[in-house]
Amino acid sequence: MAEFDDPSAVVAAARQTYEAGYRRINAYSPYPIEELSEAIGYHKNLVPLTVLVCGILGGLGGLALQIWTSAIAYPINIGGRPLISIPAFIPVTFECTVLLAAFGAFLGNLLMSGLPRPYHPVFNVPAFSRASQDRFFLCVKADDPKFNVTGTRAFLAGLGAKEVSDVEQ
Amino acid sequence: MADGIQKHEYVDPRPPVLGPGHDLRSVTSKIADIVFMRGFQKGWVFGFAVAFLGALMLFNTIAYLVLKGIGIWGNNIPVGWAFDIINFVWWIGIGHAGTLISAILLLLRQSWRNSINRFAEAMTLFAVACAGLFPALHTGRPWMDYYLFPLPNTMGMWPNFRSPLMWDVFAVSTYATVSALFWFLGLVPDFATMRDTAKHKWQKVIFGMLSMGWRGDARHWSRYETAYLLLAGLSTPLVLSVHTIVSFDFSIGIVPGWHATIFPPYFVAGAVYAGFAMVLTIGIPVRKFYHLEDFITVRHIRNMCKVMLTTGLIVCYGYALEAFFGWYSGNTYELFMMKNRMFGPYGYMYWLLILCNFLVPQLLWFKKMRDSLFWIFVVCMFINVGMWLERFVIIVMSLNRDFLPSSWRMYRPTVFDFSMFFGTIGFFLTLMFLFIRFVPMIPIFEIKVMLPEAKVDEHKVEELTKGKAPVGVTPVPQFGD
Numbered sequence: 427m428a429e430f431d432d433p434s435a436v437v438a439a440a441r442q443t444y445e446a447g448y449r450r451i452n453a454y455s456p457y458p459i460e461e462l463s464e465a466i467g468y469h470k471n472l473v474p475l476t477v478l479v480c481g482i483l484g485g486l487g488g489l490a491l492q493i494w495t496s497a498i499a500y501p502i503n504i505g506g507r508p509l510i511s512i513p514a515f516i517p518v519t520f521e522c523t524v525l526l527a528a529f530g531a532f533l534g535n536l537l538m539s540g541l542p543r544p545y546h547p548v549f550n551v552p553a554f555s556r557a558s559q560d561r562f563f564l565c566v567k568a569d570d571p572k573f574n575v576t577g578t579r580a581f582l583a584g585l586g587a588k589e590v591s592d593v594e595q
Numbered sequence: 003m004a005d006g007i008q009k010h011e012y013v014d015p016r017p018p019v020l021g022p023g024h025d026l027r028s029v030t031s032k033i034a035d036i037v038f039m040r041g042f043q044k045g046w047v048f049g050f051a052v053a054f055l056g057a058l059m060l061f062n063t064i065a066y067l068v069l070k071g072i073g074i075w076g077n078n079i080p081v082g083w084a085f086d087i088i089n090f091v092w093w094i095g096i097g098h099a100g101t102l103i104s105a106i107l108l109l110l111r112q113s114w115r116n117s118i119n120r121f122a123e124a125m126t127l128f129a130v131a132c133a134g135l136f137p138a139l140h141t142g143r144p145w146m147d148y149y150l151f152p153l154p155n156t157m158g159m160w161p162n163f164r165s166p167l168m169w170d171v172f173a174v175s176t177y178a179t180v181s182a183l184f185w186f187l188g189l190v191p192d193f194a195t196m197r198d199t200a201k202h203k204w205q206k207v208i209f210g211m212l213s214m215g216w217r218g219d220a221r222h223w224s225r226y227e228t229a230y231l232l233l234a235g236l237s238t239p240l241v242l243s244v245h246t247i248v249s250f251d252f253s254i255g256i257v258p259g260w261h262a263t264i265f266p267p268y269f270v271a272g273a274v275y276a277g278f279a280m281v282l283t284i285g286i287p288v289r290k291f292y293h294l295e296d297f298i299t300v301r302h303i304r305n306m307c308k309v310m311l312t313t314g315l316i317v318c319y320g321y322a323l324e325a326f327f328g329w330y331s332g333n334t335y336e337l338f339m340m341k342n343r344m345f346g347p348y349g350y351m352y353w354l355l356i357l358c359n360f361l362v363p364q365l366l367w368f369k370k371m372r373d374s375l376f377w378i379f380v381v382c383m384f385i386n387v388g389m390w391l392e393r394f395v396i397i398v399m400s401l402n403r404d405f406l407p408s409s410w411r412m413y414r415p416t417v418f419d420f421s422m423f424f425g426t427i428g429f430f431l432t433l434m435f436l437f438i439r440f441v442p443m444i445p446i447f448e449i450k451v452m453l454p455e456a457k458v459d460e461h462k463v464e465e466l467t468k469g470k471a472p473v474g475v476t477p478v479p480q481f482g483d
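Sequence order for the protein chains is A and B. Position in the first sequence (from 1) plus 426 gives the number in our numbering. Position in the second sequence (from 1) plus 2 gives the number in our numbering.
Take these hints with a grain of salt, some might be off.
Selected chain B positions facing chain A (Cβ under 7 Å, derived; list incomplete) [as the list claims (entries may be wrong)]: (1) F163; (2) L187; (3) R225; (4) E227; (5) A229; (6) L236; (7) L242; (8) S243; (9) K369; (10) V451.
It is worth saying that the hints were derived from the structure and are not from the lab. Even for Gly, the Cβ is constructed at its ideal location relative to N, Cα and C.
Using the sequences and the hints given, assemble the complete structure.
Structural data, given as structure tokens:
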């Protein structure tokens with residue numbers, strides 16, 4: 427794992443690592459850097475799809491709940507008005523759509539990232555505590571086909587890393 | 003930026019959104035130190051104690067209320083909705099600024115919102131909590147409130163989804179839930195920062211649990227950013243829907259003074275108006291007390307004043323239109339309602355409202371006023387009061403004299419109405435005090451994004467990838483400030 431102190435440096439290093447053929451790489455930064463996730467070859471995430479599916483389910487579920495309760499389970503005849511009164515059902519349908527979509531965004535984001543996960547090997551590197559403050563890290567995983575301890579180490583050091591360390595499993 | 007401003011660069015004449023001389027390290031420490039400070043400052047303890055007394059007053063009132071019933075309030079027939087619904091709408095409105103700042107301004111790419119959004123969102127949550135208390139207790143038998151939700155029960159009964167009050171239940175509970183998710187999601191990376199800077203083991207454990215093992219992985223950030231943006235996108239229509247639905251509580255009814263099509267936009271604007279006033283009411287003292295002038299700058303305060311001025315004028319347009327509707331409808335009851343509102347027994351409330359919400363805020367047109375924290379604070383207090391009066395005017399004054407003179411009755415609040423209202427203010431402030439002391443009140447990572455040194459310089463990246471520039475000459479951030 428290589429440590430950098432400049433966002434441009436880590437992005438440059440990440441691009442070079444990717445170009446060198448490494449694929450099982452990870453980068454860490456204290457704030458979101460769009461270029462960084464692009465550089466390690468991560469372009470699309472599934473969060474928007476999850477939100478869409480959850481939203482549609484929420485909307486349909488909310489509407490179905492209202493129709494079922496008002497027309498089937500507990501019909502009340504008020505002056506002969508229609509039991510399935512769609513205009514009056516719109517507010518609750520909308521709220522249910524938003525509620526489920528929001529849960530989709532929140533839980534989808536966390537679960538797809540494998541969180542909550544209190545322990546992770548990268549935390550074993552003492553310097554990593556600064557990954558949430560002012561340092562940037564680039565990590566090549568040992569199961570990468572191109573990985574070999576000395577070669578990868580030398581490669582990362584050659585990218586201008588401040589320090590290169592091994593992550594204990 | 004070490005190399006200074008280039009010749010051709012456009013120089014923004016407005017004050018900066020971030021004070022000069024900050025780097026990644028100093029931002030972390032400045033914000034985190036408030037939480038990690040040992041002991042408590044005298045000012046905080048005093049403020050918390052006063053607020054907590056208010057909260058205790060609220061708890062006692064609630065206990066007595068549940069014991070005796072809502073007869074201890076001044077509500078009567080025809081004024082069945084009084085302080086409880088006024089306060090409910092007032093609090094919900096205050097909450098709206100939080101979502102507006104965090105969601106709508108995010109979508110509009112107003113980066114100045116970054117330093118005030120967490121704070122405003124917390125305000126939203128606490129305000130909604132206070133708001134929710136009122137209708138829940140107004141049912142009279144709060145232990146039966148689960149009737150409001152569509153839960154299967156042995157009586158085979160279901161709620162009536164055609165009622166605006168039912169819409170309200172869904173709108174407010176969704177709003178509270180989504181705001182909480184949004185707030186917490188924003189806090190996760192900051193909790194990770196707190197975990198990594200904490201000095202004591204127990205702090206590390208607590209913040210570690212809260213951060214859920216966040217480690218700043220680039221893939222996680224990518225998902226996180228998308229999720230955050232989508233939540234903002236969802237919150238935007240949500241916040242508009244909430245106050246629209248709150249206004250439906252009134253406008254769907256046929257009571258003169260309630261049955262107006264202007265209500266939804268007028269209520270939403272009023273909510274934003276009240277909310278920004280409350281953000282400033284709390285923000286100005288906190289900024290001073292914790293020396294956060296670098297993060298909450300003059301620019302923020304000016305912008306907020308302008309938002310208040312705009313929404314305030316929309317609200318006043320609503321007042322004008324209400325009067326116009328009354329006159330133009332030619333309807334006896336509508337005409338009488340307007341006359342009663344202006345010159346009836348509660349007429350002074352109406353004119354106070356015009357003073358607080360229309361006349362005084364016009365001071366914000368003057369640049370001098372927008373630059374004086376004292377006067378802004380004064381104006382905000384007027385708006386806080388004015389927005390409360392607005393709901394009094396709409397609710398009590400429409401109900402107390404409706405169609406039949408034989409059913410007219412004056413409304414007089416009791417001491418419990420007041421102790422409940424002021425109690426919620428105490429409760430709200432208690433939560434605010436706890437929040438600013440124990441949670442990073444300014445989003446650390448979002449401030450970092452705004453730092454010049456945090457930007458990825460494409461030219462530099464290219465040079466580095468080609469191996470032209472020797473790495474290591476990149477300026478190392480200066481630690482300490």
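Hint check results:
1. Hint status for F163 of chain B: holds, given a least beta-carbon distance of 4 Å to chain A, under 7 Å.
2. The closest approach between the C-beta of L187 of chain B and any C-beta of chain A is roughly 6 Å, which is under the 7 Å cut-off, so the hint is satisfied.
3. The beta carbon of R225 of chain B is positioned within 7 Å of a beta carbon in chain A (closest approach about 5 Å), and the interface hint is therefore held.
4. Look at E227 of chain B: its Cβ gets to within about 5 Å of chain A, closer than 7 Å, so that hint holds up.
5. Taking 7 Å as the C-beta contact cut-off toward chain A, the hint placing A229 of chain B at the interface holds, the least distance being around 4 Å.
6. Interface hint at L236 of chain B: satisfied, since its Cβ lies 5 Å from the closest Cβ of chain A, which is below the 7 Å cut-off.
7. The criterion of a C-beta within 7 Å of any C-beta in chain A is not met by L242 of chain B, whose closest approach is roughly 10 Å, and the hint is violated.
8. For S243 of chain B, the suggested interface contact is upheld, since its CB lies about 6 Å from the closest CB of chain A, less than 7 Å.
9. Hint on K369 of chain B is violated. Least Cβ distance to chain A is approximately 35 Å, over the 7 Å limit.
10. At its closest, the beta carbon of V451 of chain B sits 5 Å from a beta carbon of chain A; the interface hint therefore holds under the 7 Å criterion.
Violation of the numbered hints given earlier is confined to hints 7, 9; the remaining hints are satisfied by the structure.
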